[in-house]
Amino acid sequence: MESNIKENGDVLKIGKYIFKSRLLIGTGKYPDFQTMKDAADVSGAEIITVAVRRIDFNAKENLLSYIDLDKYILLPNTAGCYTAEDAVNTLRLARELEVFRTDLVKLEVIGDPKTLYPDNEELLKAAKILVKEGFTVMPYMMDDPVLAKKLEDIGCPVVMPLASPIGSGLGIRNPYNIKIIKETVSVPVIVDAGVGTASDACKTMELGVDGILINTAIAGAVNPVNMAAAMKNAVEAGRLAYLSGRIPMKLYAQASTQMEGIVF
Amino acid sequence: MKIELNGNEYVAGNGITVQNLIDELRLNIKSTAVAVNKTIVPKSSYAVFALNENDKIDMVTIAPGG
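Chains A and B are the protein sequences, given in the same order. Sequential numbering of the first sequence, starting at 1, is according to the working numbering. Sequential numbering of the second sequence, starting at 1, is according to the working numbering.
Hints were generated in silico from the structure; no laboratory data involved. The C-beta atom is built at its ideal place from N, Cα and C for all residues, glycine as well. Treat the hints with caution; some may be incorrect.
[Said to hold, decoys possible] In silico lysine-lysine, DSSO-like type, Cα no more than 27 Å apart, as pairs:
1. Lys29/A / Lys43/B
2. Lys16/A / Lys2/B
3. Lys128/A / Lys2/B
4. Lys38/B / Lys132/A
5. Lys250/A / Lys13/A
6. Lys20/A / Lys60/A
7. Lys149/A / Lys38/B
8. Lys38/B / Lys71/A
9. Lys37/A / Lys30/B
10. Lys43/B / Lys16/A
11. Lys30/B / Lys29/A
12. Lys20/A / Lys71/A
[Claimed, not checked] Listed next, with one range per pair, are the computed distances between beta-carbon atoms:
13. Asn37/B / Gly111/A: 25 to 35 Å
14. Glu9/B / Asn62/A: 21 to 31 Å
15. Tyr242/A / Leu25/B: 42 to 52 Å
16. Glu53/B / Lys179/A: 33 to 43 Å
[Claimed, not checked] Below, a sample of chain A positions facing chain B; criterion: calculated Cβ distance under 10 Å:
17. Lys29
18. Asn77
19. Gly196
20. Thr197
21. Asn215
Working from the sequences, and respecting the hints, build out all of it.
Next comes the structure, spelled out in structure tokens:
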């Protein structure tokens, strides 16, 4: 399956960067760092998201020692930021960390603690500043086609609408909006947040989106490493099914076997 | 002198630089970023950026996140 995709040159382009994997994963909420590492390895992901936080001087181990920087591109996020100013400053600070080898950043500006829905106004404001400062901005956004177009217009080389609230596992709640977003913008669309299990990931990819970012559905599974493998397969299967062009749905049966030459 | 380091009081030598503090704490410079009084200190200034009494220092690194 993977080899066919590669042969067809089907790659994910985000700005000047090219990726073979369409699955991006987060590093949060794993039972331990080793499980995170094992899950990342089997997921085939090339981009993994991390937060930027104060150093815990008493910590016994650190996340970095479990991440192979030659293998993965680390994507700093702005989780927990509620204003454009805080998000921008977080990423300016992240820029000083040499572990981030690219200018790719995941921008999220939260508007409400209960739903973790983004604040559209602050998101646009922050995205404008960051694009001007040379960051390759990957914005986590509502599943709103109008907003997606605005983010594209100000220079985001990708948009990342949610499928449903972060960590909810509700799957894709508004597939029609995701399809409209895909038709509205010419930049890639990565669905970020809400996927619950492999079928959600597969169905999402079948809509024609360019990738999925998953954290909780893998990290919170009873067996995160196996779930990471399931998500990898689901994303690849969904992508290949989309590229292959599904049959139209019909109300009545259509025999698969020819009637010519039948004896009885 | 007393400074505030990641929200906690810390006693540092007078005139200590950001670089001195990083060395003292044995931090990996590649995975450490620093802000003093909420202003980001560029890596190129660590060796010359002297800290003052009551400065609020934030030292950050990567952490798990989605």
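Against the structure, the hints come out as follows:
1. Lys29/A / Lys43/B: violated, 31 Å
2. Lys16/A / Lys2/B: violated, 46 Å
3. Lys128/A / Lys2/B: violated, 39 Å
4. Lys38/B / Lys132/A: holds, 22 Å
5. Lys250/A / Lys13/A: violated, 35 Å
6. Lys20/A / Lys60/A: With Cα atoms ~35 Å apart, Lys20/A and Lys60/A exceed 27 Å; violated.
7. Lys149/A / Lys38/B: violated, 34 Å
8. Lys38/B / Lys71/A: violated, 33 Å
9. Lys37/A / Lys30/B: Given that 27 Å is the threshold and the Cα spacing comes to 20 Å, the pair holds.
10. Lys43/B / Lys16/A: holds, 26 Å
11. Lys30/B / Lys29/A: holds, 24 Å
12. Lys20/A / Lys71/A: holds, 13 Å
13. Asn37/B / Gly111/A: 25 to 35 Å: holds, 28 Å
14. Glu9/B / Asn62/A: 21 to 31 Å: holds, 23 Å
15. Tyr242/A / Leu25/B: 42 to 52 Å: The hint (42 to 52 Å, Cβ to Cβ) holds, given that Tyr242/A and Leu25/B are roughly 50 Å apart.
16. Glu53/B / Lys179/A: 33 to 43 Å: violated, 59 Å
17. Lys29: holds, 7 Å
18. Asn77: holds, 5 Å
19. Gly196: violated, 14 Å
20. Thr197: violated, 17 Å
21. Asn215: Constraint on Asn215/A satisfied, holds at 3 Å.
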